[in-house]
Amino acid sequence: MAGKARWVHALLGVTCVAVVFPMFWMLSTALKPPPEIFAGTFQLWPAHPTLVNFTTAMTQVPLLRLFWNSLFVAVAVTLAQAATSVLAA
Amino acid sequence: MPGRRWRAAAIGYLYLAPAAALTAVFVYWPLVASATLSFYDWNLVSPTWAAVGFANYRELAHNRAFWLALVNTAKAAAALTALTVLVPLLLAVAVLRVTGWWRNVYRVVLFSPTVISMAIACAVWLWMFHPLHGVLNTLLRYAGIQGPRWLSSGSSAIWAIIIVTVWKTFGFNFVIYIAGLLAIPAEMYEAGRVDGASERQLFRHITLPLLAPTTLFVFLTTFILSPQNLFVPTQILTQGGPNEASNNLGYLVYQLGFEYFRVGYASAAATVIFLLFLGLTAVQFYFAERRVHYGR
Chain A
1 MAGKARWVHA LLGVTCVAVV FPMFWMLSTA LKPPPEIFAG TFQLWPAHPT
51 LVNFTTAMTQ VPLLRLFWNS LFVAVAVTLA QAATSVLAA
Chain B
1 MPGRRWRAAA IGYLYLAPAA ALTAVFVYWP LVASATLSFY DWNLVSPTWA
51 AVGFANYREL AHNRAFWLAL VNTAKAAAAL TALTVLVPLL LAVAVLRVTG
101 WWRNVYRVVL FSPTVISMAI ACAVWLWMFH PLHGVLNTLL RYAGIQGPRW
151 LSSGSSAIWA IIIVTVWKTF GFNFVIYIAG LLAIPAEMYE AGRVDGASER
201 QLFRHITLPL LAPTTLFVFL TTFILSPQNL FVPTQILTQG GPNEASNNLG
251 YLVYQLGFEY FRVGYASAAA TVIFLLFLGL TAVQFYFAER RVHYGR
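Chains as they are written, first to last, in the numbering used here: chain A, 1 to 89; chain B, 1 to 296.
By construction, these hints were calculated from the structure, which means they are not laboratory data.
Treat the numbers as computed from the prediction; the structure is a model and nothing was measured.
A virtual CB, placed ideally from N, CA and C, is assigned to each residue, including glycine.
It is possible that some hints are incorrect.
Simulated DEER-style distance windows between Cβ atoms [claimed, not checked]:
| hint | chain 1 | residue 1 | chain 2 | residue 2 | range |
| --- | --- | --- | --- | --- | --- |
| 1 | B | 239 | A | 58 | 21 to 31 Å |
| 2 | B | 189 | A | 49 | 49 to 59 Å |
| 3 | A | 76 | B | 217 | 26 to 36 Å |
| 4 | B | 31 | A | 48 | 48 to 58 Å |
| 5 | B | 275 | A | 83 | 30 to 40 Å |
| 6 | B | 285 | A | 76 | 26 to 36 Å |
| 7 | A | 58 | B | 119 | 13 to 23 Å |
| 8 | A | 47 | B | 103 | 29 to 39 Å |
| 9 | A | 39 | B | 22 | 44 to 54 Å |
| 10 | B | 239 | A | 77 | 24 to 34 Å |
| 11 | B | 280 | A | 70 | 29 to 39 Å |
| 12 | B | 45 | A | 55 | 34 to 44 Å |
| 13 | A | 45 | B | 201 | 41 to 51 Å |
| 14 | A | 70 | B | 31 | 27 to 37 Å |
To give an idea of the chain A side of the interface with chain B (calculated C-beta under 8 Å), a few residues [what the hints assert, rightly or not]:
| hint | residue |
| --- | --- |
| 15 | 10 |
| 16 | 11 |
| 17 | 20 |
| 18 | 25 |
| 19 | 29 |
| 20 | 38 |
| 21 | 40 |
| 22 | 41 |
| 23 | 42 |
| 24 | 87 |
Just need the whole structure built from these sequences, with the hints factored in.
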């Protein structure tokens, strides 16, 4: 039984690593200074983590406005769907 | 009491009205309008529509991009349906064999891509697919393998889109399978064990039949949503290229209508696709209804 459980954990563990990797890579790349991004070598975590990419994103596009728009659409759609669906059901 | 029954029915329709009116205006009306438009030539701005009969349909039948898109959509729908029905089932069965807090860790992790917006998921993968700086080809290079030019090669572009779509959508079916598996009464398994059934027999004769309604739901929604789920990845990753190699029906309609401004032609394509999927869904329902046991 213990051997079987180990196989289940192995299967799920490998799958989870594969599933999480793109999200982890997004975070890791976000923290890398641009030269490290283009280095062409595999680097799991930035050697010199930096927040400079976040500053660029915040100053070069109206990020807060975009956040607000997404939030507004999400809330409006949820409320409208709940209202019409509750009545219909 | 015909008056009271009429009143009850009227109140029922009144409750139904908001949803029904919105559906009529935003779903059925566009369907009819699009079918009508398919017999006209219109460029989205001209004040007049030119009636052209079946010319749009005839041109569509001779369009190489349309047939390529049809083949790609079939390929993608088959791959998506197979992968996002079988893999989540396997994972759900595996996760429920785990006890304690690891079960919740696995559930959260496996569901997490579903929460991300498709556009963001595509942007991340776009970067990972980069032939020189992308992490996939960097890792393959370490393994001594020359990685494919994922998005710019005709043979791999559609598979890159399928990979992203599977990654982003399988978590939803996984959660539905977990709910379906947990709804199977434990007494069934106990009775099976008392009768000396093996684990494999329990799975084959209890789990699979009682899970059939869940599987039907997952199968149908995955199949029907697959062309829609392809649109965003196609738009962000390849724009249907290279040379139409990763195009699909939903994206083709968008291209015809809003890049080439041939709205009548696009409507003809949309109408063909609608009828095709309506027919396929009806066939699936017909066969599934006979096989699925709802336990009543």
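Next item on the list: Tell me, in ascending order, the numbers of any earlier hints that this structure violates.
Entry: 15
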